[in-house]
Every structure is written in structure tokens, then in C-alpha cells.
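Asks: Listed here are the chains, written in short residue letters.
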Amino acid sequence: MKKTISFLKDVFSAILKAPAENAITRKEAFDANDNFFLLLYGDLLGIPNPISYYALELLPYLAPEIEGWERRIQNRASVIEEKAAQFNF
Amino acid sequence: MEELAEKLKSRSFVFFGGKGGTGKTTCAAAFALRASRDGRKTLIASTDPAHSLSDIFGVAIGPKERPISHGLYGIEIDPEEEAKKYITRVKEQMQGVVSSVIIQEIERQIDAAYLSPGSEEAATFDKFVELMDEAGNPYDLIVFDTAPTGHTLRLLTLPEILGAWMDSLIARRSRAVKLLRMTSSGSRDDPIIKVLEKRKASFEKARAILTDRSITSFVFVINAEKLPVAETAKALSLLRKYGIAADGIVINKVIPPEAGGLLEKRRAIQEKYLAEARTKFSYLWIAEIPLLDSDVDGIEGLLRVAAFL
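Note that the protein sequences, when read in sequence, are chains A and B. Those letters in the first sequence? Residues 1 to 89, by my numbering. Those letters in the second sequence? Residues 1 to 309, by my numbering.
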């Protein structure tokens, strides 16, 4: 009986917590991808980049993501907001 | 003096480098010509943006391989041409993949990257990797007539530097993809990582070829003067740092003792640097070419030089 209750407790808490954890993981994923973009297309922001020539061949695949990234990264307020949201202020 | 050419007989790729004006192109051309006369199918490729192969052979050599003489072919790598081909390829890949708004965005990007520093080098580098790729390489020997030292060093160390960038990019992207997959909204096969890994593999291949002493050799052309000797010593130690070893030195335009007159004084000065070069580079195979009484021009002139290699 005790075992069953503890099991149900685990299940319910997992269900309740999942969306929040999922959101954090998503944020982390986007963050990691932003860093990737910064390395790849940093020259758009004025950071010298030795591989900008080779970054070209990725464009056909990355095009859908790049627009949003550029907008986000150029907007200081949104960058700070996003960071803040990550820490649940 | 016939040692250098003899010793490099088994190599598939020989690079000629050195300070500007020392006679790199002449020596590279003479070496290639001699190999072709020995019955090896030879290509001479210029990676110097200021090409002079056409001038020395007296025939127009362009960005496409063409025959020069029996068993000898030439190419002058044009970075602009190579960059255009690459960009056309990217544009073809783009067809039907994305919306027209995004295509505009990409056109803007392409123009920016086209003008960015390093693009010319990257384009030249890609072509020379393509030439060395064993699968499609019909030549027994490829001789590279390279640009002056600084330019060439950057070109040769490119795979090392860019390889590190690729590693870092792949690691970051993999992390992002992995995290997204945990939220079950990411896909399993990321085309980006595939493209990056392919690029990385081509850098690794180039590095493997450049550092393999059994197939690749570097020969520096110097004059018996202060600056070429000093610069070459520096270049050699930098290359060694990247795992690339040189095999030969050609001391070009050595004033012969019988010169006399005005040249006698120059010869006395030269003697000092000649001795310095001989000791400094004693671990390499050295060839010496005397200052000739006529300009080196065309096949006949080159054969005269080749006899000293």
C-alpha cells in the first residue's frame, strides 16, 4: 500500500513538473543554439570570423532560424529579458 | 648538384616557397619540367594571386588545367573563380528549400562573406585540396608554385585553425539538438552537423597529406642575402610547429667566382650569407643555382636551370 502511494506520488509530481522542466530545457536548447549562431555568423555583428566563407554552405539549412536569431541578438532588451526569464525572476 | 630532384623523385606533391623575388616560379617550373621529361605526368599549379607561370612558359595558362609541353600541365588557381563556383553550388542547394524573403536575406549574406577577409585563401585552399584528392588525381606529381612566404604559411596552417572552429561548432550544435530532442521537438538527423562534419573531414584529409613526408615535400627558394635566409629560417620553424617538415633549399642566383668586375664585390658579401645558409639549413637537401648570363625564359631556359636541381 505504501509502495503504491509513493509510486502514485511520483507519477503525479512528474506530470505536474514536466511542463516547467520542459520549458527550461527548451530555453537551454535555444541558448546553446544562439551560441552556435554567434560562432557561425558573428561577423554580422562585427565580430571577425575566420570561417565566414564556410558558413555560407550552411545557409540553405539555417535560413529559417537565422532571421529570428539576428532580430533577437540585436535587441538588447530582449536578450536581457530572455536571460532573466531563465532564472525565474 | 643533381641531388635534390633525384631525392624528391618519389614524392607526389612538391611545394616551392620562399620570399618574393627569389625565383620560386623559375625553380618550380624547372623542377616540374624536368620531372615531366623524366616521364612523370606532372601538373604545375600556381597558388600565388599574382601568377607568373604563363609568363615563364610563354603560353597562356588559366584557371583550368591545360597542357604546356609533353607530359606537363599547368593551372593558375583563380580564387575569384573558385569562390563563384562554390557560391553557385550553395545557391543551387537553396532552390525550393526556402521562401523568397529568406533568399533575399541569403543573397545579402553571400555578398558579405564574399568580401570578408579570408575568403580568397579559403577558395584557393579548397581548389588545392581538390587537386590533391587522390581519387580524381591523374598526375604522378603536382608541383605547387606558392605565393610569398607569409601568404603561403597562412594557407598551409588553415586546416589546423579551421579544424578547431569546426570542432567547437559541432559541439555547440550537437548540444542544442540534444536538448531540443529531450523536449521531443527536435529531429534526429541534423543536416547542419552533417555538413560541418563533411567540411571537417576535408580539413583533416588536407592536413594528413600536408604532413605526410613520404608523399609531400617542401622546398624553399632563397638567395644568398640577409633577408631571404632569415625569413626562411623563421618560416621553417613555424611550419615545424604545425607538423609540416621541409626537405630542400634551393640557393638561387649564386654569383660564380669567374664573374669578376663589379660583381666581385657583391660576391664577397654573398659568400658570408652563403656560408650561413649552408650551415643553417645543413639538415636539408641543398641545391645551388648560379646567376645565369641570360634571363630564364621558355622551355630552353628552364631546362638550363633544371640541370642544377
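Source of the hints: derived by calculation from the structure; they are not laboratory data. Computed from a predicted model, the values in this text were never measured in an experiment. Please note that a few of the clues may not be correct.
As the list claims (entries may be wrong) - Examples of chain B residues toward chain A, derived with CB under 7 Å:
(1) THR88
(2) SER116
(3) ALA122
(4) ILE170
(5) ARG175
(6) LEU179
(7) LEU180
(8) LYS194
(9) SER202
(10) LEU263
(11) ILE269
(12) TYR273
(13) LEU274
(14) ALA275
Claimed, not checked - Covered, in the sense of this in silico footprint (three residues per stretch, anywhere, with C-beta under 8 Å from a C-beta of chain B), are these stretches of chain A:
(15) 4–11
(16) 58–72
Quick reminder that beta carbons are idealized off the backbone N, C-alpha and C, glycines included.
Asks: All the hints need checking, so say for each whether the structure fits it.
Replies: Tested hints:
1. THR88: 11 Å, violated
2. SER116: 5 Å, holds
3. ALA122: 4 Å, holds
4. ILE170: Violated: closest Cβ of chain A sits about 9 Å from ILE170 (chain B), beyond 7 Å.
5. ARG175: Status holds, d = 5 Å.
6. LEU179: With Cβ-Cβ at 4 Å, under 7 Å, it holds.
7. LEU180: Hint holds; LEU180 (chain B) Cβ to chain A Cβ min 4 Å, cut 7 Å.
8. LYS194: 9 Å, violated
9. SER202: 10 Å, violated
10. LEU263: Violated, about 46 Å.
11. ILE269: Result: violated, 42 Å to nearest chain A Cβ.
12. TYR273: With a closest approach of 36 Å, the TYR273 (chain B) hint is violated.
13. LEU274: With a closest approach of 40 Å, the LEU274 (chain B) hint is violated.
14. ALA275: This hint is violated: ALA275 (chain B) lies away from chain A, its Cβ roughly 41 Å from the closest one there, beyond 7 Å.
15. 4–11: Since 0 is below three, the answer is violated.
16. 58–72: Coverage by chain B holds for the stretch 58–72 of chain A (9 residues, Cβ < 8 Å).
Taken one by one, the earlier hints fail for this structure at numbers 1, 4, 8, 9, 10, 11, 12, 13, 14 and 15, listed in ascending order.
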